[in-house]
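Asker: Sequence:
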Amino acid sequence: MSGKLKTGKSARTWTPATLSEFDGVRFLHLDSIWVQGAMRIRKPQALELEYVQRMMAWMLWRDSAELRQGHAVQLGLGAAAITRFCHKVLRMRTSAVEINPTVISACRAWFHLPEDDARLTVYNEDAARWVTEPERLQTVQVLNVDLYDHDAASPVLDDEAFYAHCRGLLADGGLMTVNLFGRDASFARSAARIAKVFGSNQVWSLAPTKEGNTIVVAARGVQVPEREELERRAATIESQYDLPARKWLRLVRPLPLSIINQLVAEPQT
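The opening residue of the sequence shown carries number 61 in my numbering; numbering runs sequentially from there.
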């Protein structure tokens, strides 16, 4: 399987992936000024972008002894930062799903994405279809969702049905992180959809980055640890993986009351 893509779609014209470099950092673009991902050239396994670091906040909800266990999936490859981190640093079984083949080729040529191996599979498929496959039900411990088009305006998959399939992928105790725009009017709508599927007591968000990215964390049947335990985990993550986990802990919050009220007010379907 090495060197081949798992494909499940017909040929079409794709927005080509391009790159730029500045101050030791390589950036991925899709025919626009918007950054789709980044990698510090001398530290390819490090997570360069702040919002991508925060996509790893799921680590706070997992016991440190189980942190490296299970199957991690990324929907949307970007510059392969999370895929590299889960595969090379955490050494988890890792899968990535990316619809645009030029992104996969760019990641392998320019962003240190390794060829497939016993722990890594890159699927050149539509995430909307991939998440519906029955054989994938409850096979994933960690799911990272970062699905934007070349305009980076809003998530390309963002309805209740999609989030229900995402929850279906997760095994009991599984965790999902989603990149949303917290200062955009669409945030409340997206967060409400996630909460309706997962339950409002299983959904949290981090404060927005200065660029406006807001990471939502959703869980399937997770018991929230006591604060002392979360602080211990954060310290372990910082010391072992050089990620600002104690800062994440300060930024994590339950969903805003306005979103909870929106859920209550919506008619049940």
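None of these hints come from the bench; they were simulated from the model.
C-beta: ideal position from N, C-alpha, C; glycine also.
Careful: at least some of the hints might be erroneous.
To be verified - In the BS3-like style, the derived pairs of lysine-lysine whose C-alpha atoms are separated by at most 25 Å in a straight line are:
| id | residue 1 | residue 2 |
| --- | --- | --- |
| 1 | 148 | 307 |
| 2 | 270 | 307 |
| 3 | 256 | 103 |
Unchecked claim - FRET-style restraints, in silico, Cβ to Cβ:
| id | residue 1 | residue 2 | range |
| --- | --- | --- | --- |
| 4 | 74 | 316 | 34 to 40 Å |
| 5 | 195 | 149 | 39 to 45 Å |
| 6 | 74 | 306 | 27 to 33 Å |
| 7 | 75 | 302 | 31 to 37 Å |
| 8 | 151 | 259 | 39 to 45 Å |
| 9 | 296 | 271 | 26 to 32 Å |
| 10 | 267 | 149 | 21 to 27 Å |
| 11 | 267 | 105 | 24 to 30 Å |
Asker: Hints first: check each against the structure and report whether it holds.
Answerer: Verification of the hints:
1. 148 / 307: holds (24 Å)
2. 270 / 307: Since the Cα atoms of residue 270 and residue 307 sit roughly 14 Å apart, the hinted pair holds (cutoff 25 Å).
3. 256 / 103: It is violated: about 39 Å lies between the C-alpha atoms, which goes past 25 Å.
4. 74 / 316: 34 to 40 Å: holds (37 Å)
5. 195 / 149: 39 to 45 Å: The hinted range 39 to 45 Å is violated for residue 195 and residue 149, with Cβ atoms some 28 Å apart.
6. 74 / 306: 27 to 33 Å: Taking Cβ atoms as reference, residue 74 and residue 306 lie about 40 Å apart, which means the hint is violated.
7. 75 / 302: 31 to 37 Å: holds (33 Å)
8. 151 / 259: 39 to 45 Å: Given about 31 Å between the Cβ atoms, the range is violated.
9. 296 / 271: 26 to 32 Å: holds (28 Å)
10. 267 / 149: 21 to 27 Å: holds (25 Å)
11. 267 / 105: 24 to 30 Å: holds (26 Å)
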